[in-house]
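Chains as they are written, first to last, in UniProt numbering: chain G, 1 to 322; chain L, 1 to 324.
Source of the hints: derived by calculation from the structure; they are not laboratory data. Treat the hints with caution; some may be incorrect.
What the hints assert, rightly or not - From the structure, some residues in chain G lie toward chain L, with a derived Cβ separation under 7 Å:
| id | residue |
| --- | --- |
| 1 | Val66 |
| 2 | Ala193 |
| 3 | Gly218 |
| 4 | Thr259 |
| 5 | Thr260 |
| 6 | Ala269 |
Backbone N, C-alpha and C define an ideal beta-carbon position, used for all residues, glycine too.
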Amino acid sequence: MTGTPLLDIDGLSLSFRTRTGTVKALEAVTLSLAKGETLGVVGESGSGKSVLSFAVMGISDPAATVTAGRVLFEGQDLLTASSKDLNALRGAEMAMIFQNPRVALNPIRPVGRQIEDVLLRHAGLTRAEARERAVEMLRRVRIPDPQRRANAYPFEMSGGMCQRVMIALALACSPKLLIADEPTTGLDVTTQAAIMDLVDDLAKETQMATILITHDLGLAAQHCDRIAVMHAGHVVEVAPTAELFAAPRHPYTARLIATTPRPGVTLDALEPIPGMLPDLRGTLPPCRYAARCGRREPVCDGGALAAHLAAPAHSVLCARPL
Amino acid sequence: MTALLDVRDLSRRFPVAAGMLHAVDHVSLRIEPGESVGLVGESGCGKSTLVRMLTRVLDPSDGAITFDGAEIGAIPAGRFTHRPERAAIQMVFQDPTDSLNPRFTAFDVIADPLRRLKGPWTRETLRARVEELADMVGLPRPLLGRFPHQMSGGQKARVGIARALGPQPRLLVLDEPTSALDVSVQAVVLRLLDELRRTLGVSYLFVSHDLNVVRLVCDRVVVMYLGRVVESGPVASVFDRPGHPYTRALLDAIPAADPTRVRSRIRLTGEPRSPINPDPNVCRFYGRCPIGQEVCAVTMPALAEVAPEHHAACHFSGGEGPLS
Ligand SMILES: Nc1ncnc2c1ncn2[C@@H]1O[C@H](COP(=O)(O)OP(=O)(O)O)[C@@H](O)[C@H]1O
Ligand SMILES: Nc1ncnc2c1ncn2[C@@H]1O[C@H](COP(=O)(O)OP(=O)(O)O)[C@@H](O)[C@H]1O
Ligand SMILES: [Mg+2]
Ligand SMILES: [Mg+2]
Numbered sequence: 001m002t003g004t005p006l007l008d009i010d011g012l013s014l015s016f017r018t019r020t021g022t023v024k025a026l027e028a029v030t031l032s033l034a035k036g037e038t039l040g041v042v043g044e045s046g047s048g049k050s051v052l053s054f055a056v057m058g059i060s061d062p063a064a065t066v067t068a069g070r071v072l073f074e075g076q077d078l079l080t081a082s083s084k085d086l087n088a089l090r091g092a093e094m095a096m097i098f099q100n101p102r103v104a105l106n107p108i109r110p111v112g113r114q115i116e117d118v119l120l121r122h123a124g125l126t127r128a129e130a131r132e133r134a135v136e137m138l139r140r141v142r143i144p145d146p147q148r149r150a151n152a153y154p155f156e157m158s159g160g161m162c163q164r165v166m167i168a169l170a171l172a173c174s175p176k177l178l179i180a181d182e183p184t185t186g187l188d189v190t191t192q193a194a195i196m197d198l199v200d201d202l203a204k205e206t207q208m209a210t211i212l213i214t215h216d217l218g219l220a221a222q223h224c225d226r227i228a229v230m231h232a233g234h235v236v237e238v239a240p241t242a243e244l245f246a247a248p249r250h251p252y253t254a255r256l257i258a259t260t261p262r263p264g265v266t267l268d269a270l271e272p273i274p275g276m277l278p279d280l281r282g283t284l285p286p287c288r289y290a291a292r293c294g295r296r297e298p299v300c301d302g303g304a305l306a307a308h309l310a311a312p313a314h315s316v317l318c319a320r321p322l
Numbered sequence: 001m002t003a004l005l006d007v008r009d010l011s012r013r014f015p016v017a018a019g020m021l022h023a024v025d026h027v028s029l030r031i032e033p034g035e036s037v038g039l040v041g042e043s044g045c046g047k048s049t050l051v052r053m054l055t056r057v058l059d060p061s062d063g064a065i066t067f068d069g070a071e072i073g074a075i076p077a078g079r080f081t082h083r084p085e086r087a088a089i090q091m092v093f094q095d096p097t098d099s100l101n102p103r104f105t106a107f108d109v110i111a112d113p114l115r116r117l118k119g120p121w122t123r124e125t126l127r128a129r130v131e132e133l134a135d136m137v138g139l140p141r142p143l144l145g146r147f148p149h150q151m152s153g154g155q156k157a158r159v160g161i162a163r164a165l166g167p168q169p170r171l172l173v174l175d176e177p178t179s180a181l182d183v184s185v186q187a188v189v190l191r192l193l194d195e196l197r198r199t200l201g202v203s204y205l206f207v208s209h210d211l212n213v214v215r216l217v218c219d220r221v222v223v224m225y226l227g228r229v230v231e232s233g234p235v236a237s238v239f240d241r242p243g244h245p246y247t248r249a250l251l252d253a254i255p256a257a258d259p260t261r262v263r264s265r266i267r268l269t270g271e272p273r274s275p276i277n278p279d280p281n282v283c284r285f286y287g288r289c290p291i292g293q294e295v296c297a298v299t300m301p302a303l304a305e306v307a308p309e310h311h312a313a314c315h316f317s318g319g320e321g322p323l324s
């Protein structure tokens, strides 16, 4: 990577106060993202992927506390930024798409209007210009007959179509960073492919950086330059995609690859991952994977783990990497 | 061998404001005893409607359903509950707790169809049967007292499978049974299903949009598009040499967890045709098909054999078509 990264997450730790204890949802998460780059974030449900994306977007739960670290966007610390600055960034410089488009869309406003609203707020266009650009955005996400569809309400559209509208809404101001949290989970494979192609194409056109959060290793492999593997609030491995698959260094990454159905692999060869994510309340061992790991030795329980460089651009959080 | 399930020319149309919606259109399908058949296709293609007719909660518009030699298609859905076949066809849902009372414990969930379809039971015999089923699916007995929200996804999946196996079905219809699970748990549940099929000899109709999963657990696959079967055949044959461009597009769209596999992909463009008053002479895939020709707008292609036991409904599926 050259120059300052677009996004620099440095030692981020975050916990939630709950009635039953403090949930240590993220610990010492360090990741960076260059302009135009696509980073995949994978891991089992509950590993902290969504919490990480909300932290970056500055959308915080009142129960959440950042206990350490910084999140720099073009050098500006998002965790200490005023809500006014954050609001200016969100929608214009950074945008997010979710699994459920109905969360992002206003059910009682025509979809074209919603895109116009974002443009009026952030891009300083006139109503007529915004109108034109909204229709153009709907066309770019391949909504048929965009002029007419701009007047439709979300409930008048199919799930796949709403997903496209949400993407149009997120990308209307040409953000520098897009966070896509399970954007195609539950959709048909053909719809998924079309939506991911769309995100890829738009990202290339505008040099937009993308964080693709998914539990589908295959999807990340196909669309990302690099992949970060999360387990129980830790980033356990980060590597260029091809390298991660060819030579995973963290035992959890290797397990995750081995348990994913893929061509040429029979059911017998699919190795389940033993155990489950640890309870994130209470005291946790230095390695949160140790209890599930077949390579555990006393050294694993020794003390705080530090991520170390396994190769250029390849880091791993493990005392006994593969 | 006589088929366990033999569906002939089954159709279901729904009257809607704009006309007649052809949800399932002349579908034929066979499942042999002990066989696992995958049913795939994008949402809206008619999978649920077909399944609802097979499980006899929805009446067909026309066509025949023969189960274990008995014609059950003509029995009104309302009266089917009193038939012996009712117990023999069971469903496993995506989330077994979705359609159930959240105040049901795992025990109640599993006991519910037993009480309704089997019996009579005493408190002891019912408990013994539920525990036997729990053992069968690898659900630890102490979990039988838990409520859905107190169980993991994998545990809930096991409860759903135990519930369906209780009435000793001959056919299990599984609707996306693993799509809500993490891959690590999915592998365990798929292995369990595979093992149960072998030991119990039950047949599966496995509805899924995950072709990687279908490849792992099915002997044959049936591909639907807008109410019609466009391809069917042995899994290996269909995956290696798809005869229909839609199947090819489906296979191409699977993200492969292998970045070294560089593939040429068929990209689908355009919108699907409407299922309302569809023109019987136009191929349903026409307009979205990357290799469509004029003939496709004039003659609906019929299913034709492209390899042993492997059929596809495309004018260009034979020999050196545009697909190869
Ligand atoms: N508001 C909250 N209060 C308490 N715990 C939370 C909250 N949000 C998330 N968590 C916990 O943080 C962990 C990570 O959750 P999440 O980021 O949603 O996982 P993922 O997106 O990887 O599936 C989980 O253990 C979850 O229960
Ligand atoms: N009760 C109904 N009334 C009208 N249309 C219906 C009804 N049930 C299903 N359909 C339509 O039938 C088609 C097939 O639906 P469905 O069987 O649910 O597909 P799938 O399960 O493959 O997603 C869709 O176009 C759907 O809108
Ligand atoms: Mg999440
Ligand atoms: Mg359905």
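Results of checking the hints against the structure:
1. Because the beta carbon of Val66(G) sits about 27 Å from the nearest beta carbon in chain L, more than 7 Å, this interface hint is broken.
2. Residue-level restraint check for Ala193(G) holds (minimum Cβ-Cβ distance to chain L is 4 Å; threshold 7 Å).
3. Of the supplied interface hints, the one on Gly218(G) holds, with its beta-carbon coming within about 4 Å of a beta-carbon of chain L, less than 7 Å.
4. Checking Thr259(G) against chain L: minimum C-beta separation of about 5 Å stays under 7 Å; hint holds.
5. With 7 Å as the threshold, the beta carbon of Thr260(G) comes within range of chain L, its nearest partner Cβ sitting at about 5 Å, so the hint holds.
6. Proximity of Ala269(G) to chain L is violated relative to the hint, the smallest CB-CB distance being about 10 Å (cut-off 7 Å).
Violated hints, in rising order: 1, 6; the structure is consistent with all others.
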